[in-house]
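Student: Chains as they are written, first to last, in my numbering: chain Y, 37 to 246; chain C, 37 to 246; chain B, 37 to 246; chain V, 37 to 246.
Be careful, since some hints might not be right.
Intra- or inter-copy, both count: the list cannot distinguish identical chains.
As the list claims (entries may be wrong) - Once the Cα atoms are required to be at most 20 Å apart in a straight line, the calculated EDC-like pairs of lysine to aspartate or glutamate come out as:
| # | residue 1 | residue 2 |
| --- | --- | --- |
| 1 | Lys162 | Asp218 |
| 2 | Lys162 | Asp98 |
| 3 | Lys162 | Asp184 |
| 4 | Lys162 | Asp142 |
| 5 | Lys162 | Glu90 |
| 6 | Lys162 | Glu180 |
| 7 | Lys162 | Glu221 |
| 8 | Lys162 | Asp85 |
| 9 | Lys162 | Glu193 |
| 10 | Lys162 | Glu174 |
| 11 | Lys162 | Glu96 |
Because the hints were derived from the structure by calculation, they are not lab data.
Just so it is clear, the structure is predicted and the values come from calculations on it, not from any experiment.
Residues per chain, in single letters:
There are 4 protein chains.
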Amino acid sequence: MSFAALAGQLAEVGRLCYARGWALGTSGNFSAVVGRTPLTLAITTSGVDKGVLEPGHIVEIDEHGRVVGGAGTPSAETTLHLAIVRSRGAGAVLHTHSIWSTILSDAAGDPGGGDGLAIDGYEMLKGLDGVRTHEHREWLPILENTQDWSAAVPRIEATLREHPEVHGFLIRRHGLYTWGRDLAEARRQVEVFEFLFEVLGRNRGATWQP
Amino acid sequence: MSFAALAGQLAEVGRLCYARGWALGTSGNFSAVVGRTPLTLAITTSGVDKGVLEPGHIVEIDEHGRVVGGAGTPSAETTLHLAIVRSRGAGAVLHTHSIWSTILSDAAGDPGGGDGLAIDGYEMLKGLDGVRTHEHREWLPILENTQDWSAAVPRIEATLREHPEVHGFLIRRHGLYTWGRDLAEARRQVEVFEFLFEVLGRNRGATWQP
Amino acid sequence: MSFAALAGQLAEVGRLCYARGWALGTSGNFSAVVGRTPLTLAITTSGVDKGVLEPGHIVEIDEHGRVVGGAGTPSAETTLHLAIVRSRGAGAVLHTHSIWSTILSDAAGDPGGGDGLAIDGYEMLKGLDGVRTHEHREWLPILENTQDWSAAVPRIEATLREHPEVHGFLIRRHGLYTWGRDLAEARRQVEVFEFLFEVLGRNRGATWQP
Amino acid sequence: MSFAALAGQLAEVGRLCYARGWALGTSGNFSAVVGRTPLTLAITTSGVDKGVLEPGHIVEIDEHGRVVGGAGTPSAETTLHLAIVRSRGAGAVLHTHSIWSTILSDAAGDPGGGDGLAIDGYEMLKGLDGVRTHEHREWLPILENTQDWSAAVPRIEATLREHPEVHGFLIRRHGLYTWGRDLAEARRQVEVFEFLFEVLGRNRGATWQP
Chain Y
37 MSFAALAGQL
47 AEVGRLCYAR
57 GWALGTSGNF
67 SAVVGRTPLT
77 LAITTSGVDK
87 GVLEPGHIVE
97 IDEHGRVVGG
107 AGTPSAETTL
117 HLAIVRSRGA
127 GAVLHTHSIW
137 STILSDAAGD
147 PGGGDGLAID
157 GYEMLKGLDG
167 VRTHEHREWL
177 PILENTQDWS
187 AAVPRIEATL
197 REHPEVHGFL
207 IRRHGLYTWG
217 RDLAEARRQV
227 EVFEFLFEVL
237 GRNRGATWQP
Chain C
37 MSFAALAGQL
47 AEVGRLCYAR
57 GWALGTSGNF
67 SAVVGRTPLT
77 LAITTSGVDK
87 GVLEPGHIVE
97 IDEHGRVVGG
107 AGTPSAETTL
117 HLAIVRSRGA
127 GAVLHTHSIW
137 STILSDAAGD
147 PGGGDGLAID
157 GYEMLKGLDG
167 VRTHEHREWL
177 PILENTQDWS
187 AAVPRIEATL
197 REHPEVHGFL
207 IRRHGLYTWG
217 RDLAEARRQV
227 EVFEFLFEVL
237 GRNRGATWQP
Chain B
37 MSFAALAGQL
47 AEVGRLCYAR
57 GWALGTSGNF
67 SAVVGRTPLT
77 LAITTSGVDK
87 GVLEPGHIVE
97 IDEHGRVVGG
107 AGTPSAETTL
117 HLAIVRSRGA
127 GAVLHTHSIW
137 STILSDAAGD
147 PGGGDGLAID
157 GYEMLKGLDG
167 VRTHEHREWL
177 PILENTQDWS
187 AAVPRIEATL
197 REHPEVHGFL
207 IRRHGLYTWG
217 RDLAEARRQV
227 EVFEFLFEVL
237 GRNRGATWQP
Chain V
37 MSFAALAGQL
47 AEVGRLCYAR
57 GWALGTSGNF
67 SAVVGRTPLT
77 LAITTSGVDK
87 GVLEPGHIVE
97 IDEHGRVVGG
107 AGTPSAETTL
117 HLAIVRSRGA
127 GAVLHTHSIW
137 STILSDAAGD
147 PGGGDGLAID
157 GYEMLKGLDG
167 VRTHEHREWL
177 PILENTQDWS
187 AAVPRIEATL
197 REHPEVHGFL
207 IRRHGLYTWG
217 RDLAEARRQV
227 EVFEFLFEVL
237 GRNRGATWQP
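Chain Y with its partners taken away, still in its complex shape (with noise of 0.2 Å):
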């Protein structure tokens, strides 16, 4: 697909994150691959205004991060999205920025292996890629957020090499990254992954009173 089309594509991805409150006050950043050799991305640029997004919003850069298309900044993000890309193979990268991962991120916990948060036994986990029965459990790891993340890549891939099986990760307090063999899988797994945090997070502290 065209950068023109997937720009078009991203642009419409990022104006339903930011109406259902997953990319307000300019967060969120989103991305979709172009061409594989050399590799390009389109990418959303910084400090956008996600309600309002449109193709112009969005540029082409290469496999350093460089604009090879458009004009604008490219996300702070961007290596994440690039690293991601390369560990995974994905044709799409989302990043949404909600109340409910915002609060999960900051959570939950796994004592004995790092922290994450595990979800299982949801039909709505089918959703995912690869995933064939509600009889799955999905283990997001949590990553502790930074602003450098050119430094941090490194140990992003590494937990992206030593958990093969995961479909995105939480950054502590930032929010959600999912990604997918297109923008259509990605959006979905958008889709399946806040309605499992918004399903952990209101059960949060409530016992049920027949």
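With chain Y fixed as given, assemble chains C, B and V onto it according to the hints.
Tutor: Same frame as chain Y, but now just chains C, B and V:
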């Protein structure tokens, strides 16, 4: 009503449920009876994003679930739709997959007589077919989730036979099924149940502080 | 204002309330005074989906609730609307049926003086007719639900007489009634009350953790 | 930018805030600087429904709050807007009145140094002007509500002087004030704060259960 007309209405119901957050991530499926002799159903195809549901995403199937009109694979839960149409004489069957139905299907239990969710004393219950007073106790069976609906059909038909008064049921961590004489009635019942689930869900664990 | 104009405005109010989730499943009913001598009201008909409310779903009734214009059965709660118009001289009466009003009407109680919900100290209270400061205590009577509103009218008229200062009341597990000189004022009061119900409802059981 | 252009933008911001539930029941008021010498502001008029806010509902005022363009009574909180513009050199001032800001302004307290709400460690904080890292502690003063804003202005100016770093403040049970160099920045900060209020509010009293 013709298949084409019902397909248009099902698409509209799907987009509405998506907008309310009751059919995210390609979840949810919806059907309506086209003819009785022989039985044919208009039903959503598998894996479609309900936010952009169009009549072209609806197929017509016969009583064995075989496609007889339109193109696509009918929902994996087609046998469930057919079982409900046969058991209840329903004209439309709607399956939503909301946050609150997922939570309540998991948390609720009825120690005395099988799992289920009881709702009583609410005015909103009068939105259910045949209910004339708020002094009504609705009880929704909770069925275990499965990936083999064909095998589960006898169990569901037995549940519907044993409880002829129910207007819907929950599937564990998977959402709501309800039905009606026509799409309008089924859709109204979806709204009634989703409203009541949210009331019950938000009441969990909360005590009033005057 | 003419019946036709009021019917158009009532339809718009209905669609707005539906969109906010305050009139799901055909719940809610809305009226406005067309003429005073003799008294005639424009009022929603029974069982209509408020999401697609059109002027054709509104009828004109006389002081006895008889249809004198348009086609359809007026709301089952017509006698309640007429009683409020007579007791208060209201120009418009709105009944919404939201999640939070349902929850609060059930949970709240006032051991000392009959059931009711007190709200005080909020700036938003100034959106109620005649309230000029946030240092105001609004008290909403909570009436028991019934299916025979004609028989309940004397009780409601007595409550309105005893509490001339109230701007609305709750019906147990059934929602809010409020009114105003005209539709704009009544609609503003719906928003004020629904906002405050949500504030009180979300505050239940929560303690601040700095 | 001309008064006409700013009036159009303010109307759009108002409708957006209404849609998000941050300006129900005629609450909320919004302004932007038209000229500096002499100072003139475009500001919303009093008692207007923000869901249908139009440029005709915006007036131009001088530094004393007198109307110099358009028709209508400027917001009762006009002196507050003028004080913020003078103290901060702001180009736009937005006051929203959301559920969560109302709740948090009431519940939060800071025993050591006057009432206020602290928010720290969230990525979303980087949406505030000049904040470059999530390792930031934002503190919002909470001011007591009043019906005499002219008399309260010295207190507010003192608070802004003592805390030159703040990006907004809360009024007890009355909502948020924030500002920016222009409307786009002020609006972004509204979204940032409302997001963070919801995160903090939903976290109250909840403990994680793995």
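Student: If a hint holds in the structure, say so; if it does not, say that too.
Tutor: Each hint tested on the structure:
Taking the shortest Cα distances, Lys162 and Asp218 sit within 20 Å of each other inside one copy (17 Å), while across copies they are farther apart (30 Å). For the homomeric pair Lys162 and Asp98, neither the shortest alpha-carbon distance inside one copy (33 Å) nor that between copies (27 Å) is at most 20 Å. Taking the shortest alpha-carbon separations for Lys162 and Asp184, only the inter-copy value of 14 Å comes in at or below 20 Å, while the best intra-copy value is 34 Å. In the homo-oligomer, the alpha carbons of Lys162 and Asp142 lie at most 20 Å apart only across protomers (17 Å), although the nearest pairing inside one protomer, at 25 Å, exceeds that limit.
Taking CA atoms no more than 20 Å apart as the test, Lys162 paired with Glu90 passes in neither setting, with 32 Å inside one copy and 23 Å between copies. Proximity of Lys162 and Glu180 under a CA criterion of 20 Å is satisfied inter-copy only: 16 Å between copies versus 28 Å inside one chain copy. For a Cα distance limit of 20 Å, the shortest separation of Lys162 from Glu221 inside one copy, 12 Å, qualifies, whereas the shortest one across copies, 29 Å, does not. In this assembly of identical chains, Lys162 and Asp85 lie within 20 Å of each other by CA distance solely across copies; the values are 14 Å between and 32 Å within a copy.
With identical chains, the CA atoms of Lys162 and Glu193 are never at most 20 Å apart, being 25 Å at best within one copy and 25 Å at best between copies. Taking the shortest Cα distances, Lys162 and Glu174 sit within 20 Å of each other inside one copy (10 Å), while across copies they are farther apart (30 Å). Within a single copy, Lys162 and Glu96 get their C-alpha atoms no closer than 32 Å, and across copies no closer than 25 Å, so neither meets the 20 Å cut-off.
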